[in-house]
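Put chains B and C on the given structure of chain A with help from the hints.
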Amino acid sequence: MQDGYSATKIKALVKAQPKGHALLRGFYKDPDIYEAEMQTLFGRHWLFAGHVSQIPNIGNYILVEFDTESIIVTRTEATEFSAHMNVCRHRGSRICLEKSGHAKSFTCPYHAWAYDLRGNLIAAGQMEAGFDKTAYSLRAVQVENIHGFLLISLADAPLSLAPMKNALGDILPIFETENLQLAEMKSYEIEANWKLAVENYQECYHCAPAHKEFAQIHAMARDLPRFKALKSEYEKTMPSGGIMSEKNGYFDLAEPGAEGFQYGRNPLLEGCQTGSKDGTPLAPFLGRIEAYTGGASELMLGPFMYFLIYDDHMVGYRFRPTAIDRCVCDIYWFVRDSARAGQDYDLEPLTWLWDVTTEADKTIIRRNQAGVNSRYYKPGPLSQMEHFQQSFLNWYLAALGR
Amino acid sequence: MQDGYSATKIKALVKAQPKGHALLRGFYKDPDIYEAEMQTLFGRHWLFAGHVSQIPNIGNYILVEFDTESIIVTRTEATEFSAHMNVCRHRGSRICLEKSGHAKSFTCPYHAWAYDLRGNLIAAGQMEAGFDKTAYSLRAVQVENIHGFLLISLADAPLSLAPMKNALGDILPIFETENLQLAEMKSYEIEANWKLAVENYQECYHCAPAHKEFAQIHAMARDLPRFKALKSEYEKTMPSGGIMSEKNGYFDLAEPGAEGFQYGRNPLLEGCQTGSKDGTPLAPFLGRIEAYTGGASELMLGPFMYFLIYDDHMVGYRFRPTAIDRCVCDIYWFVRDSARAGQDYDLEPLTWLWDVTTEADKTIIRRNQAGVNSRYYKPGPLSQMEHFQQSFLNWYLAALGR
Amino acid sequence: MQDGYSATKIKALVKAQPKGHALLRGFYKDPDIYEAEMQTLFGRHWLFAGHVSQIPNIGNYILVEFDTESIIVTRTEATEFSAHMNVCRHRGSRICLEKSGHAKSFTCPYHAWAYDLRGNLIAAGQMEAGFDKTAYSLRAVQVENIHGFLLISLADAPLSLAPMKNALGDILPIFETENLQLAEMKSYEIEANWKLAVENYQECYHCAPAHKEFAQIHAMARDLPRFKALKSEYEKTMPSGGIMSEKNGYFDLAEPGAEGFQYGRNPLLEGCQTGSKDGTPLAPFLGRIEAYTGGASELMLGPFMYFLIYDDHMVGYRFRPTAIDRCVCDIYWFVRDSARAGQDYDLEPLTWLWDVTTEADKTIIRRNQAGVNSRYYKPGPLSQMEHFQQSFLNWYLAALGR
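Chains as they are written, first to last, in the numbering used here: chain A, 1 to 402; chain B, 1 to 402; chain C, 1 to 402.
Only chain A is shown next, with the shape it has when bound in the complex (with noise of 0.2 Å):
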């Protein structure tokens, strides 16, 4: 099976799914299964290209790449976006070398065929006669700009962002996303099913045993009575609305044919006013934003990409497939676009927090993987505290099984 993948197999996989448990070792382990994901999941859904600041000027672009995938994204004018596979048309090539840089248009360095920022095949010797240009631009990809936010998506029919769109409509300008500047971004390589990457982003239960610097600033690490009562006191102290707003449409809670996300606000603990390593400020405030609020915002724009906003710092937490058996977690550190590297923030302090426990979720996750090829493997019950990642798990089984 080497293009497609058994869907029967799939099918009754899913069917054999314990509720309210984790996943059985086959959706980590079959190659039919990451096939049916890269199609269906990653071939459907809105995956995160990267921020408008990344590619200022027309013809910046940048890749996005996952397995066996690579897409261009180009700025082709000052508001306007296009996105293409980055394969020839002529005999498949990659044709964009580099992550990330400027073109004119694009030649392809195999037989110097070449396509405009808008995928147009405008160049191409020596073909037979009756050669049709117009017929071999590139394979296009749907590309949105969400408040500076640049989403693409590889499916024909692509799912609705309209959704996301009005329910962040009222929240992302308060940190005004549209205005950062990317400071630092890391990839995290990790010898795990790209699930298990995901999950272990998805809950907090880990939190507390395995990662204490985040629990010295979270209250979410804290155990769930404790964490809804700091959450309380919390919202007691903040006005509601705004960037109060908890906008739930994640997972099995997306409209039908619409992409998921979701936006919350939870405290930090007493005394902490970022994600530093002693709570002291980091950068200048985003957006809005004049005083440290105790608290940061989760984002979640589409299942594979994750924010948290702090008052003077965003981070971004972007998952993607390399094979079955490994995946790659891209953090992205961003601050406001006026703050200067040396001056108005440094570097080290800025990563600390998210590089410490990246690199302890790679072992974590690893061992996870090491337990689940286990034939002896057997899924256990979800606690309180992977509610989310249960919902994770809802849309994966229903969108697989389809």
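Rather than coming from a laboratory, the hints here were simulated on the basis of the structure. Glycine included, each C-beta is placed from N, C-alpha and C at the ideal position. One or more of the hints may lead you astray.
Unchecked claim - Lysine-lysine pairs mimicking DSSO-like chemistry, simulated, CA-CA at most 27 Å apart: (1) A/133 / C/133; (2) C/378 / B/9; (3) C/15 / B/378; (4) B/15 / C/133; (5) C/9 / B/29; (6) B/9 / A/9; (7) A/15 / B/133; (8) C/15 / A/133; (9) A/99 / C/378; (10) A/9 / C/104.
Unchecked claim - From the structure, some residues in chain C lie toward chain B, with a derived Cβ separation under 7 Å: (11) 82; (12) 85; (13) 87; (14) 89; (15) 91; (16) 110; (17) 111; (18) 112; (19) 126; (20) 331.
Positioned in the frame of chain A, the structure of chains B and C alone reads:
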């Protein structure tokens, strides 16, 4: 075929195997065969976990690992042992991370589920109401202590060890095998299917061409008529019974439903007292032995574990697959428990013979794998000196085709 | 599917292939396709083993290796050669361990089974009564010497070489190809399916964009009208017949049941005498050549071996798969047998052009593989400059779908 295998295909391959010949290519290359072996051979037969002296105190543990599996073997009482799969019952993480150590209980590093030394779940925070800890013990593995040798079985209904215990009950006390200490252990990674490594161990047809060091010491490296003559002479010099008892319950000689074993004693070449570079002594006598006897004993405990017992030390050889085309041979060097390193024995001379021999075997076995990988490989007939290997193959084919 | 492949699936893929286009993804990715190729293409067609000068004396041998296969090619008499699978008939070990050498007989390093240079088993100790040595010769491989080129075929009924011999009988003596010596050989590992490497060699559509060094010397790097004009001018300066004979029996032009071949001569660019950095001479003239002719000959011997014959040296390109997604291009540099290194030629300038060109191709071909790995890759139409590759693809599809 992820979690199962095609029994029909395997039966056809077993049927196609020519009698008295090396195995067909498919037995070394087909992933279905390998999966069947893991389930029906390694999941059913007794495996050597280690020696009691490796875990002397309550709470001491060692891991046994093969393929995707990891088992924790622990001393729970002065003379009691337990074994469990090293897979958390929550979401499947590895629990024990060190190959050996000491623990009062086992706490999973992921979400802090904790198990006592007998595998009972004793802590699991934040679970839903109605969660019953008693239903989530670690998956138990059978463990038995036979005169200091710890054997484990993953089977629900393990093979009987009674014939082995009966047969060896008069013999192992001669060497006081429970009163040994592990002087050294070394793992040799072999780039070949595990059967090629085991087959290599089982025959001495290659000893003269490939192991000049071994061939200078052991009579069994001589051709069959010469070996038989030397053995016959040796037997005349030794009182029958006891150390000279032959116990054959190996492979196709094993009782139905019982584990295989073997014991026998063979002469060393003239002038050799033990397995050392010049045949001179290496360490204090084992057990009740009071003088060099000019021989060494072969001991087999289950299909994957072999020992060679000289008068003054014992060497163990454990074979375990790590993938279809890779395995490990763990070599153990034991001396009597009262011997002091640097005074009563030195590691370098003690380990010399089997280190050079096993390093040579790594190369030999890798070349064998390279050849059987060929589409043009055709299994040839076994020689008279490969009778023990033939018994292994008979058993293997019967076990696989069952 | 370990030892076989699904012919039905392959026929369906062949049927789905669009005419005149690059190959569908499955041809580069499907393990069944690869297995079929190894059996029906590499197991059936003639492969280049080397040049007679590489094994000048009786007992000299070279190995030919591809995928899981290894073949020993030996000089058995002053003008006779033999070839055999490098797989012991006992338990399958590799016998010959060095890539080239000298032997009086071949003794398997495992159990000392010994074979004479013609592959006959001459020693096998300790076998059971009735063992018949004559039944255990090494598996024979056909070998032919064509004007110094040693070709081998693994087929039981090899393709006829008569048309090739007839066609080249007037031409190879011009270069006295039997009187060459190997000045240098280098193996380039390419991280791509072997067909992408062969296709790359077969077309010069990419020469201008990708190989500026080659394009400064060879007219064939020019666009088709310009190349045709240069070739036509060149033909006027040269007497027809002899070195200028065109011999086309390649791929889909080969006679049924016969091996493919090709010979032709193309102009170098003005001022270039040979394939050197500045077009100046590199070594003494080959064979009967007495003056630079301003051209170079293309020679193809079977589907996987190509030569470029300049007036003063010959370069050979051998393609062999090592796995579905990896192959090796072996490059041979030959000069006339009387030439002395350091005096009549220097290695660095001799090997410069094809070393830089092949290093560039390694990168180009790997990028092509990256692109065809994409689920969104769609084969495009071939250009006029890819007609030779088209012939290869026609042959390939017919051979595979047979």
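>> Interface hint check: residue 82 of chain C, Cβ to nearest Cβ on chain B, cutoff 7 Å. Holds or violated?
In response: 16 Å, violated
>> Take the shortest C-beta to C-beta distance between residue 91 of chain C and chain B; is it under 7 Å?
In response: 4 Å, holds
>> Take the shortest C-beta to C-beta distance between residue 331 of chain C and chain B; is it under 7 Å?
In response: 25 Å, violated
> Taking only the CA atoms, is the gap from residue 15 of chain C to residue 378 of chain B under or equal to 27 Å?
Replying inline: 35 Å, violated
>> Quick check on the hint: residue 126 of chain C CB to chain B CB, less than 7 Å?
In response: 4 Å, holds
> residue 15 of chain B and residue 133 of chain C: Cα distance at most 27 Å?
Replying inline: It holds: about 26 Å lies between the C-alpha atoms, which stays within 27 Å.
> Under the criterion that the straight-line Cα-Cα distance not exceed 27 Å, is the pair residue 15 of chain C, residue 133 of chain A satisfied?
Replying inline: Roughly 26 Å between the alpha carbons, so the hint for residue 15 of chain C and residue 133 of chain A holds.
> Is the interface hint for residue 87 of chain C satisfied, with its Cβ closer than 7 Å to some Cβ of chain B?
Replying inline: At 5 Å from the nearest chain B Cβ, residue 87 of chain C passes the 7 Å test, so the hint holds.
> Do the numbers back the hint for residue 111 of chain C, that is, is its least Cβ distance to chain B under 7 Å?
Replying inline: Holds. Min distance 5 Å.
> Against chain B, is residue 85 of chain C within 7 Å by beta-carbon distance?
Replying inline: Cβ of residue 85 of chain C sits 5 Å from chain B, so the hint holds.
>> Quick check on residue 89 of chain C please, does its C-beta sit within 7 Å of some C-beta on chain B?
In response: Result: holds, 5 Å to nearest chain B Cβ.
> Are the Cα positions of residue 15 of chain A and residue 133 of chain B separated by 27 Å at most?
Replying inline: Holds. Residue 15 of chain A to residue 133 of chain B sits at ~26 Å (cutoff 27 Å).
The structure is inconsistent with the numbered hints 1, 2, 3, 10, 11, 20, although it conforms to all the rest.
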